[in-house]
Amino acid sequence: MILYRGKLYENGEQSRLIDELEGHIFETLSAREPLRPTEVIAACDRLARRAREGFYDDLALPLLESFGISYARYQDMVGAFSADVLKKKLEIELGADWDALPPIGKNTARRIAPLGVLFHIAAGNVDGLPAYSVAEGLLAGNVNILKLPSGDGGLSVRLLSDLIAEEPRLADYIYVFDVPATEFETLKRLARLADGVVVWGGDAAQRAARDMCGVNTKIIPWGHKLSFAYATRSASDEDLRALARHICATEQVLCSSCQGIYVDTADMGVLESLARRFFTIFKEENAAMGRTDPAMRGRNTVNLLCDELERCFPLILREEGVSAVLKEDSAPELSYLFRNVWIKRLPRAEIVSVLKGQKGYLQTCGLLCGAGERAELADLLVRAGVVRVTGGDLSRTIFGEAHDGTFPLREYTRIVEIDL
Amino acid sequence: MSAIGRLFSCKKPYDTVGTKELFLAAMRENCSYHAAHCKPYREILETAGFSPDDLKTEEDLARLPVLPTRYFKRNQLFSRPEKRLPVKVTSSGTGGAKSVVGFDVKTLWHELKMAVRICKFHHLWSMKPTRYIIFGYRPRKNSLGAAKSAFAFTLLAPAVSRVYALERREDGFVPDLTLLREKLVKYAKGRLPVRTMGFPAYTYFLLKEMQAAGIRVTLPKGSMICLGGGWKQFYAERVEKEAFYKLAYEVLGVDEGHIVEFFGAVEHPILYADCSAHHFHVPAYARVLIRDVDTLAPLDMGRPGLVNLLTPAIQSMPLLSVMTDDLGILHGEGCPCGNKSPWMEILGRVGVKDVVTCAQGAEEVLKGGTP
Numbered sequence: 296m297i298l299y300r301g302k303l304y305e306n307g308e309q310s311r312l313i314d315e316l317e318g319h320i321f322e323t324l325s326a327r328e329p330l331r332p333t334e335v336i337a338a339c340d341r342l343a344r345r346a347r348e349g350f351y352d353d354l355a356l357p358l359l360e361s362f363g364i365s366y367a368r369y370q371d372m373v374g375a376f377s378a379d380v381l382k383k384k385l386e387i388e389l390g391a392d393w394d395a396l397p398p399i400g401k402n403t404a405r406r407i408a409p410l411g412v413l414f415h416i417a418a419g420n421v422d423g424l425p426a427y428s429v430a431e432g433l434l435a436g437n438v439n440i441l442k443l444p445s446g447d448g449g450l451s452v453r454l455l456s457d458l459i460a461e462e463p464r465l466a467d468y469i470y471v472f473d474v475p476a477t478e479f480e481t482l483k484r485l486a487r488l489a490d491g492v493v494v495w496g497g498d499a500a501q502r503a504a505r506d507m508c509g510v511n512t513k514i515i516p517w518g519h520k521l522s523f524a525y526a527t528r529s530a531s532d533e534d535l536r537a538l539a540r541h542i543c544a545t546e547q548v549l550c551s552s553c554q555g556i557y558v559d560t561a562d563m564g565v566l567e568s569l570a571r572r573f574f575t576i577f578k579e580e581n582a583a584m585g586r587t588d589p590a591m592r593g594r595n596t597v598n599l600l601c602d603e604l605e606r607c608f609p610l611i612l613r614e615e616g617v618s619a620v621l622k623e624d625s626a627p628e629l630s631y632l633f634r635n636v637w638i639k640r641l642p643r644a645e646i647v648s649v650l651k652g653q654k655g656y657l658q659t660c661g662l663l664c665g666a667g668e669r670a671e672l673a674d675l676l677v678r679a680g681v682v683r684v685t686g687g688d689l690s691r692t693i694f695g696e697a698h699d700g701t702f703p704l705r706e707y708t709r710i711v712e713i714d715l
Numbered sequence: 094m095s096a097i098g099r100l101f102s103c104k105k106p107y108d109t110v111g112t113k114e115l116f117l118a119a120m121r122e123n124c125s126y127h128a129a130h131c132k133p134y135r136e137i138l139e140t141a142g143f144s145p146d147d148l149k150t151e152e153d154l155a156r157l158p159v160l161p162t163r164y165f166k167r168n169q170l171f172s173r174p175e176k177r178l179p180v181k182v183t184s185s186g187t188g189g190a191k192s193v194v195g196f197d198v199k200t201l202w203h204e205l206k207m208a209v210r211i212c213k214f215h216h217l218w219s220m221k222p223t224r225y226i227i228f229g230y231r232p233r234k235n236s237l238g239a240a241k242s243a244f245a246f247t248l249l250a251p252a253v254s255r256v257y258a259l260e261r262r263e264d265g266f267v268p269d270l271t272l273l274r275e276k277l278v279k280y281a282k283g284r285l286p287v288r289t290m291g292f293p294a295y296t297y298f299l300l301k302e303m304q305a306a307g308i309r310v311t312l313p314k315g316s317m318i319c320l321g322g323g324w325k326q327f328y329a330e331r332v333e334k335e336a337f338y339k340l341a342y343e344v345l346g347v348d349e350g351h352i353v354e355f356f357g358a359v360e361h362p363i364l365y366a367d368c369s370a371h372h373f374h375v376p377a378y379a380r381v382l383i384r385d386v387d388t389l390a391p392l393d394m395g396r397p398g399l400v401n402l403l404t405p406a407i408q409s410m411p412l413l414s415v416m417t418d419d420l421g422i423l424h425g426e427g428c429p430c431g432n433k434s435p436w437m438e439i440l441g442r443v444g445v446k447d448v449v450t451c452a453q454g455a456e457e458v459l460k461g462g463t464p
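In order, the protein sequence lines correspond to chains A and B.
First residue of the first sequence: 296, per our numbering; consecutive thereafter.
First residue of the second sequence: 94, per our numbering; consecutive thereafter.
In isolation and in its complexed conformation, chain A is listed as follows:
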């Protein structure tokens, strides 16, 4: 399904429409009245209100079900589109004076302008995310071209066409195409029209985007990330419990999900005692939450059985569908997911040297330590490349927080200066 200037088309019309796209975009950019954030905010707010009243439940409920998201959480997510939140987002990301930047020098005005045209290459890992990515682009005043992820269930097109129904002026700023990732030349054509390419997805998607963009195109990479916990001997049982709950609740599939626990020690004995302490709590939280999917438990059990036979690791704790593997190395890595963690030594003096190699991949660190050492450790972690330091719940969300260490609206805009 294609959404082009507010109208729906079949995929067969794709090449004809792309041929016309450049002309239409230039027309929009040449228009006298640019898109105002206030218009976007008002349209999003009306849409959010309808969503909150259950208007999208027919599409949303099956998705929530398959992602294991509660209806309350969905209502929270919808809240991200409300006027209050979007206004706050503008102020936080672009500054309280985003609409009236002070002049520079005597005679020069300064203003925040959109990048121009954004090409969003969306990933299929969260439904509704492609539409959110476009909404952010609109908020910054850009023309947006969206490539739907494969297997998109139609939610994005519906949300965006409803947004246009709320504010018909948005029609010229939203283009959605269903180009498969294999049509590289078509994607390249779309990328060539854009000032910025917003890429959601793992390394393969990021690399492909780099290949299709000219050097004069900005790439905004929302890549896949790795997160972990860092515990010192002062980590409390409550800290460990929050961490265990987080691991069970997210199944470790999110960018912010904890994959393993680093312990501030060089001693295997200390490591083992923390591992055993954590494992007891891990089992309790697992029992409280209910075990995860049997097919995933089976997969992990077989993998761990293999590890046991190979005797590569000093200790494997495996019970009731949860597991913790003590490892001798210190490399940050992915776990087996679905309630399996690695536990490794990482003395604080080595935090930077060990983690720095993963630059660009690190996201959240759940820091479990005493109050007196928290600032020092957080500082080291940040210098090593971590962008978020939390407690045991690594995936907690706060409205207005940065995305992977940056504010999207800043990425989607330019600062322009005009001599008067």
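The reader is advised that the hints may include incorrect statements.
[Said to hold, decoys possible] Short, incomplete list of chain B residues facing chain A, as computed with Cβ under 8 Å:
hint, residue
1, D146
2, M416
3, C451
[Claimed, not checked] What follows is a set of in silico ranges between Cβ atoms, one per label pair, in the way DEER data are often shown:
hint, chain 1, residue 1, chain 2, residue 2, range
4, A, A666, B, A390, 42 to 50 Å
5, B, R156, A, P609, 19 to 27 Å
6, A, A544, B, T388, 20 to 28 Å
7, B, T388, A, A644, 38 to 46 Å
8, B, N168, A, A697, 41 to 49 Å
9, A, A499, B, D108, 46 to 54 Å
[Said to hold, decoys possible] Residues from chain A that keep clear of chain B, each with C-beta distances beyond 10 Å, as calculated:
hint, residue
10, R311
11, H319
12, A326
13, A343
14, L356
15, M372
16, A378
17, E462
18, E533
19, E580
20, R586
21, P589
22, L604
23, G652
24, E668
25, V682
By construction, these hints were calculated from the structure, which means they are not laboratory data.
All C-beta atoms in this analysis are idealised placements derived from N, C-alpha and C, irrespective of residue type, glycine included.
Once you have looked at the hints, place chain B on chain A.
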């Protein structure tokens, strides 16, 4: 004659009750052999505190260390010098790693006797010249197990012709569905029976395509559709057996009685063929244990868990108790076909395909690679 030799000479291919003692003796013999000839296997037994002589009752089979197929993909364990293994088979390596399994002459002889008996039991032998359509590729030296077994399959009835559906191209294998469609339509006009062999998914896609194109033919009498290899990466597209049979009858005029499905694994080369009620009964040459997904403890009949396959067939490698990546159920009694041996129901592979994640590298891990 050795216990293994006697087991594989057993004339009733599904007599799991009558072969109870013999199977145990054969497993003991096989276990001793590998303990003596394969050092890593001996170490595994020692670590587990298990000796071949501990195999005294059927319950002891569950205590025998079980090795995951993944272990064989990462470690090569041979109980005979590798160069003395005339046949080598490579698993399809879903998710990257492949295992190489080598067979010695004695093992191959056992395999052959087993295959002959099981095919005879299922009336798969025929003297009628037959046209074969293989949903695979032409076998070559060192090719995958699937290709070799597909070729072996064309020996069941004299082959007039063999058509292969997968074309080897630079970027992998591409199924040529158009060619198959044309051949099937052509063969339907002839008198010689046709046998197709391939993954259920490919067969299903072809049937669906022919249905969509409005093609309906009736293949000559005695034609068969044979399926093997499971749904693999197409698990999400899996259809109920009834729907599949209905489609096959509609498009090719082949009734349910002439659709047979096989199950087997490179690491467990025992032929499982489905009965008239489409159940995989356990042959006398093997046993199946279902294990708890968390504790690996053996489960009672009727309960779902990890599928552990046992056989003393192989001399070249310690493949006597392997853990597959499959989830399944073992059913005890009540199969309408009358076969008294327990039957195995495969529920699917461990791990699910459609997990969405944004954790760095998670896609590879979920596909089965090593992090």
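Check: Of the hints given before, which are not true for this structure?
Finding: Violated hints (numbers, rising): 1, 20, 21 and 22; every other hint is consistent with the structure.
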